[in-house]
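Colleague: Below, each chain spelled out in residue letters.
Protein chains: 2
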Amino acid sequence: MAKMAVVALGGNALLRGNQKGTIEEQEQNTYETMKNLLFLIKDGYNLVISHGNGPQVGNILMRNDAGETEYGIPQMPLDICVADSQGGIGYMLQKGLRNVMNEQGIDREIISLITMVEVSEEDEAFKNPTKRVGKTYYDKSETDRLVKEKGWIFKEEVKEGKKGWRRVVPSPKPLDILNKRIVKELAESGVIVIASGGGGIPVAKKNAKLVPIEAVIDKDSASSLLARQIGADEFYILTDVPYVYLNYAEPNQKILEILDKADAEKYLNEGKFGEGNMSPKIRAAIEFVEYGGKKSVITESTKLEDKRYGTKITLNY
Amino acid sequence: MAKMAVVALGGNALLRGNQKGTIEEQEQNTYETMKNLLFLIKDGYNLVISHGNGPQVGNILMRNDAGETEYGIPQMPLDICVADSQGGIGYMLQKGLRNVMNEQGIDREIISLITMVEVSEEDEAFKNPTKRVGKTYYDKSETDRLVKEKGWIFKEEVKEGKKGWRRVVPSPKPLDILNKRIVKELAESGVIVIASGGGGIPVAKKNAKLVPIEAVIDKDSASSLLARQIGADEFYILTDVPYVYLNYAEPNQKILEILDKADAEKYLNEGKFGEGNMSPKIRAAIEFVEYGGKKSVITESTKLEDKRYGTKITLNY
Chain A
5 MAKMAVVALG GNALLRGNQK GTIEEQEQNT YETMKNLLFL IKDGYNLVIS
55 HGNGPQVGNI LMRNDAGETE YGIPQMPLDI CVADSQGGIG YMLQKGLRNV
105 MNEQGIDREI ISLITMVEVS EEDEAFKNPT KRVGKTYYDK SETDRLVKEK
155 GWIFKEEVKE GKKGWRRVVP SPKPLDILNK RIVKELAESG VIVIASGGGG
205 IPVAKKNAKL VPIEAVIDKD SASSLLARQI GADEFYILTD VPYVYLNYAE
255 PNQKILEILD KADAEKYLNE GKFGEGNMSP KIRAAIEFVE YGGKKSVITE
305 STKLEDKRYG TKITLNY
Chain B
5 MAKMAVVALG GNALLRGNQK GTIEEQEQNT YETMKNLLFL IKDGYNLVIS
55 HGNGPQVGNI LMRNDAGETE YGIPQMPLDI CVADSQGGIG YMLQKGLRNV
105 MNEQGIDREI ISLITMVEVS EEDEAFKNPT KRVGKTYYDK SETDRLVKEK
155 GWIFKEEVKE GKKGWRRVVP SPKPLDILNK RIVKELAESG VIVIASGGGG
205 IPVAKKNAKL VPIEAVIDKD SASSLLARQI GADEFYILTD VPYVYLNYAE
255 PNQKILEILD KADAEKYLNE GKFGEGNMSP KIRAAIEFVE YGGKKSVITE
305 STKLEDKRYG TKITLNY
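Going down the list, the sequences are from chains A and B. Per the numbering used here, numbering of the first sequence is gapless, rising by one per residue and ending at 321. Per the numbering used here, numbering of the second sequence is gapless, rising by one per residue and ending at 321.
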């Protein structure tokens, strides 16, 4: 059977930090990112694509806030906002990849799924919500109202001399990708499947009932779980650097071309990677190879095809 | 093989006219609507569900407007807003139906797809956009700006003494449901598929390139096309009345229990049905039986199981 790859696209695959977020920018970025995936398709891989949603769901949350203030439209909870973002992004990726393949005369079907991901309400993350969502900043009166009305949790922060409250939500561990069986079957039949966007829509089981959870699942962690659950051979995490580095952006920065589990865990414990950024990617990459995957790669999408780039994460060096 | 049904849910399946649109209301409506579909599942039907998105995409458009005004977040075009709504609604339906089935110990997979639908830019509808979208009303200066900046089209309207401009978009005929092959395969294998929400995301082919189209496809028309393209046996259009009536809400109102193509076309020509409401449903129902479907039914979801209700639309009486 053809080899199966799961590719997790970073937020910057669609929207870059220095951009405003217009549709033209997002369409162009999407098109370029999809072009970088072409070689996997030409190489005959079965392919599953997951993606981040940071900037998009951020904007959706802000629009929900503004829509309530300006027009009195009830705000939707976080799970609906994540689901909305899977819709918009899943569509953009699907259309972008379709167009890139059409240019090359490649006829493979692409499908985008709305994906729920199960988490546990007993997860330790619920004791200490850390993931910032929504606008910067809420003022005291808004914060008090939202704590009372919606039970939201806020943390006081100071940034560049400005003080305010930010909403935080937990980031629990993904336990099960719902619809994994269908993702696997479709991908094995040659369909390119876009799934588990934004880490998936978090739900928990309460007496056999699925309930929505106000949380954000790390997208690399969810993508790694998906890759394991469908028995993928290779797992690619695309970000904005061509390699993982030790001491990134320090004078003693060092490229890591290959990283095995033992070294990765040592460096993680020593705090050699950025906690909010590279560490979760490395953990996701390790988990994949630990549970049967052949190879994880962390790189940027423009370097994906050129095998000289990228940090390969393996079980044993 | 098991019989296949396509059920098109009306907007009120999720949100009723007299409701504010809170998540609690939408979750409750969804749950109740899904309970009404249970008997089809118990009867062993293969099932595809499509849905409207009027109130939801209306709110998404308003939030986009407010987000730009309040926070300067670029507005997304209509295709992205429709895609977002497929995400949120597809998730709600999937979770709602999962929970209804769990209560009954039924183990069938459910999946929600982001669906693009092809239209033609040569469609007559582009000459006379009629479908109202976005807020009521824009004022003159906004209208002038949006015409200039985005090329939007507005019509001046008066309602209850209030005058203003409403944005209008074309409503072209759906030509092809992308991913229809996968919908058919999944449904035939017993998976319950949620697809073609809100009439689908309108795209057109321009030299083999898919381009987004600022339009809204009638959801009953798209659902009818989907039902035909996947070879469904039965097509159900759920709305807020138990029957189709002649002269609805007039003193001479008459229930139609069975309606064949010839009579339906005669009544349509005579203007016996509401143009913005029942007429497109009847056209969609006729098209289905005309191109090979066995039976179309128009009724409300609470009456779906009780075969005494509903208007059956057939080719010949």
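Check the hints yourself; a few may be wrong.
[As the list claims (entries may be wrong)] Straight-line alpha carbon distances no greater than 25 angstroms define the calculated SDA-like cross-link-like pairs of lysine to any residue that follow:
no. : chain 1 : residue 1 : chain 2 : residue 2
1   : B       : Lys-154   : A       : Gly-25
2   : A       : Lys-210   : B       : Glu-31
3   : A       : Lys-270   : A       : Thr-306
4   : A       : Lys-24    : B       : Arg-232
5   : B       : Lys-209   : A       : Glu-107
6   : A       : Lys-163   : B       : Gly-76
7   : B       : Lys-210   : A       : Asn-103
These are calculated hints, taken from the structure and not from any lab test. All values reported here derive from a predicted model rather than from experimental measurement.
Colleague: Does each hint fit the structure? Answer for all of them.
Modeller: Here is how each hint holds up against the structure:
1. Of the pairs offered as hints, the one joining B:Lys-154 and A:Gly-25 holds, with about 16 angstroms between alpha carbons and a cut-off of 25 angstroms not exceeded.
2. Taken as a hint, the A:Lys-210 and B:Glu-31 pair is honoured in the structure, with Cα atoms around 16 angstroms apart against an allowance of 25 angstroms.
3. Our distance criterion of 25 angstroms between C-alpha atoms is broken by A:Lys-270 and A:Thr-306, whose separation comes to about 29 angstroms.
4. A C-alpha spacing of about 42 angstroms is found between A:Lys-24 and B:Arg-232, which places the hinted pair above 25 angstroms, so the restraint is violated.
5. Between B:Lys-209 and A:Glu-107, the direct Cα distance comes to roughly 13 angstroms. Compliance with the 25 angstroms bound is thereby established for this hinted pair.
6. The straight-line distance between the Cα atoms of A:Lys-163 and B:Gly-76 is roughly 21 angstroms, inside the 25 angstroms bound, and the hint therefore holds.
7. The hinted pair formed by B:Lys-210 and A:Asn-103 meets the criterion: a straight-line CA distance of about 11 angstroms does not exceed 25 angstroms.
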